[in-house]
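So you can see what is in the structure, the chains are spelled out below.
2 protein chains.
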Amino acid sequence: MADLVESKEWYLTAYCPEGVPTTDHLKLRTVPLSLDSDSIPDNHLVVETLLLSVDPYLRGRITGSLEGLFISQYQLNQAITAFAVVRVIRSKDSRYSEGDILLCPSSPVAEYAIVPSSQIARKIDTENGISLSDYLGALGVPGFAAWIGIEVLGDPKAGSNVFISAASGAVGMNAGQLARIRGCRVIGSTGSDDKVKLIKEEFGYDDGFNYNKETNYDAALNKYFPNGIDVYLDNVGGKMLEAVLNHVNKHARIPLCGMISQYNKVWTEREGVRNLLNMVGKEVRMEGFMLESYWHRFGDFAKDMERYIQEGKVKSKSKINIGIESFLESFNSLFSSSNIGKVVVQVKT
Amino acid sequence: MADLVESKEWYLTAYCPEGVPTTDHLKLRTVPLSLDSDSIPDNHLVVETLLLSVDPYLRGRITGSLEGLFISQYQLNQAITAFAVVRVIRSKDSRYSEGDILLCPSSPVAEYAIVPSSQIARKIDTENGISLSDYLGALGVPGFAAWIGIEVLGDPKAGSNVFISAASGAVGMNAGQLARIRGCRVIGSTGSDDKVKLIKEEFGYDDGFNYNKETNYDAALNKYFPNGIDVYLDNVGGKMLEAVLNHVNKHARIPLCGMISQYNKVWTEREGVRNLLNMVGKEVRMEGFMLESYWHRFGDFAKDMERYIQEGKVKSKSKINIGIESFLESFNSLFSSSNIGKVVVQVKT
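The listed protein sequences derive, respectively, from chains U and Z.
Each step along the first sequence adds one to the number in the UniProt record's numbering, with nothing skipped, and position 272 is 272.
Each step along the second sequence adds one to the number in the UniProt record's numbering, with nothing skipped, and position 295 is 295.
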């Protein structure tokens, strides 16, 4: 390999307070990257990006304000970052060798990058029968979010009634399967009849409904939860959350994983939830969470999840888009209800 | 005393789904009550009512629907009930004697009543320097609610920033003092300048504001919480809750005690909270509670609170209205921001 590579990367040109980000906000450019040993600092690696994880929470990093997700903002004129599977091509850390496949939680959205070795989450064993894209799905951001929502905060008992919105999405498909493993009755909402079929046939949901067809959410929840809802993993917020609060059982838990229906709106334009008073009488606990506060549990999660995948108890679907050029379109597809499962950009093979 | 007494009682004639209840819903009538020993069942007491506790949660018992507070409904044509201090005038339970002063969590809103002795919470020691009205305030429903909100669910550390709405109300005045005992910085919102003065001078609040004057709640919270809010005990709901969610610190706790601004509205007319997404990024826990789930802690609470009262660490204000006739007006005064402290109806002395 030459001592200089050309690397395409997505960088931020303007913050996007509301609406869908476009090439007015995120642009692709080509930058040179030296592979010369002298130009690589100690304890750093040069990597080529294999797979990029495309996650809704990134929306919070380009709003230009600390609000909502209160997540650190990408810097203007800098490459944005994402959870990624990368391959080492130069190493200045004796723990890693050329050819190692690594999981990197904050890697530049670029073809090539220099990353500090302190930022590597783990080395990936490519011989254990788990696909690389699963490391970004069931074993990555959405799988970990699902595990915190169900195992840590929701904590449903066998027989509990569990509701999951965005059920065929990257978090939802994992959350539903985790709740089923616990012996719960699990119902999901999703955006098409095909997806309802999928969550029942592939992910073991007991039932589900198409929120674009059964648009009276209150009536739908009445039908699918004759005995009320014990745990609701909220991925969407807004009107669905409001409807759920009319069907909660005593001491219901509502882990708030995200609110994808609300991300592209400034807060004053978001849908207000009018029935929070129900939380008093039903003694409901609603709790937001961010993965960063649970990193100390990542090992427990990964151990559980790897076993479930290997035993066939957790299955996955991915939408793999090819080429770093597809990143922006892939990201925006998260908000259009057009995907099933985990969205991944395959940069190199 | 004659073997038959005339007893005035408030009874329910119609449910009131929204608005302020009137004599269309609650009426006063006089009924005879026999004191003849044969007419009193075993393990029952005939009592005369000394003091009645007037609490906002009773609003939830006359809506005619299980919604919001999900609390059991009063029955039509029956006397309504309330937390009360009563005196025994006839006893069919050897543990209680004529003249005993008792605390009864669910006593008819009547001059005289027959109550099962199983419903007595405790015998009151009238020699311990604690006023009878304190048993309905600091040691009753609002004091217990304040204690659960601060000690159990809010659990602020010394130096934490605590916000309490309806700060001069029956719950608020106790909650503020409990948070101060824990060494917190405590700010309250209340409905007049006089009340702001009172919570600072009498109840030890560090500061407070008049929400009728500082009507931009967001600006007010910005001013009074330069370091954000760690615990918010919500007594009002609606716009104040929404404003608080713009000022919460990481891992803030919001015990939901009640939402008095919302009680007289059907849920679709209530103020929607639009910024629940902030709960995700700040990992906020919001949790509703009802006293009934914490009765097993009542002893711990009463022990703490009696000591605080006797040591002068918790002070109280009461508004005592005279005569059972005043019950309906007293109840409605809870929603008009016209009271300071605990509202009590004194029926007999």
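If you are wondering where the hints come from, they were derived from the structure by calculation, not from laboratory data.
Just so it is clear, CB atoms sit at the ideal spot from N, CA and C, and this is done for glycine as well.
There's no promise every hint is true.
Derived BS3-like pairs: lysine-lysine, alpha-carbon spacing no greater than 27 Å straight-line [as the list claims (entries may be wrong)]: (1) K250(Z) / K265(U); (2) K250(Z) / K239(U); (3) K250(U) / K123(U); (4) K239(U) / K239(Z); (5) K303(U) / K313(U); (6) K265(U) / K92(U); (7) K348(Z) / K92(Z); (8) K303(Z) / K123(Z); (9) K239(Z) / K265(U); (10) K265(Z) / K319(Z); (11) K348(U) / K123(U); (12) K303(U) / K265(U); (13) K250(U) / K348(Z); (14) K27(Z) / K250(U); (15) K92(Z) / K239(U); (16) K348(Z) / K27(Z).
Stretch-level coverage of chain Z by chain U, calculated; a stretch enters the list once three of its residues show a Cβ under 8 Å from a Cβ in chain U [stated by the list, open to error]: (17) 68-81; (18) 190-197; (19) 293-302.
Here's how the hints hold up against the structure:
1. K250(Z) / K265(U): holds (22 Å)
2. K250(Z) / K239(U): holds (25 Å)
3. K250(U) / K123(U): violated (44 Å)
4. K239(U) / K239(Z): holds (18 Å)
5. K303(U) / K313(U): holds (14 Å)
6. K265(U) / K92(U): Violated - the C-alpha atoms of K92(U) and K265(U) are around 44 Å apart, more than 27 Å.
7. K348(Z) / K92(Z): holds (22 Å)
8. K303(Z) / K123(Z): Holds, at about 14 Å.
9. K239(Z) / K265(U): Roughly 19 Å separates the two Cα atoms, so the pair holds.
10. K265(Z) / K319(Z): Holds, at roughly 26 Å.
11. K348(U) / K123(U): Roughly 18 Å between the alpha carbons, so the hint for K348(U) and K123(U) holds.
12. K303(U) / K265(U): violated (37 Å)
13. K250(U) / K348(Z): violated (38 Å)
14. K27(Z) / K250(U): Violated - the C-alpha atoms of K250(U) and K27(Z) are around 33 Å apart, more than 27 Å.
15. K92(Z) / K239(U): Violated. K92(Z) to K239(U) sits at ~55 Å, over the 27 Å cutoff.
16. K348(Z) / K27(Z): With a Cα-Cα distance of about 20 Å, the restraint between K348(Z) and K27(Z) holds, given a limit of 27 Å.
17. 68-81: holds (count 4)
18. 190-197: This one is violated; 0 residues, fewer than the three required, reach chain U with a Cβ under 8 Å.
19. 293-302: With 1 residues close enough to chain U, the hint is violated.
Checked against the numbered hints above, the structure violates hints 3, 6, 12, 13, 14, 15, 18 and 19; every other hint is satisfied.
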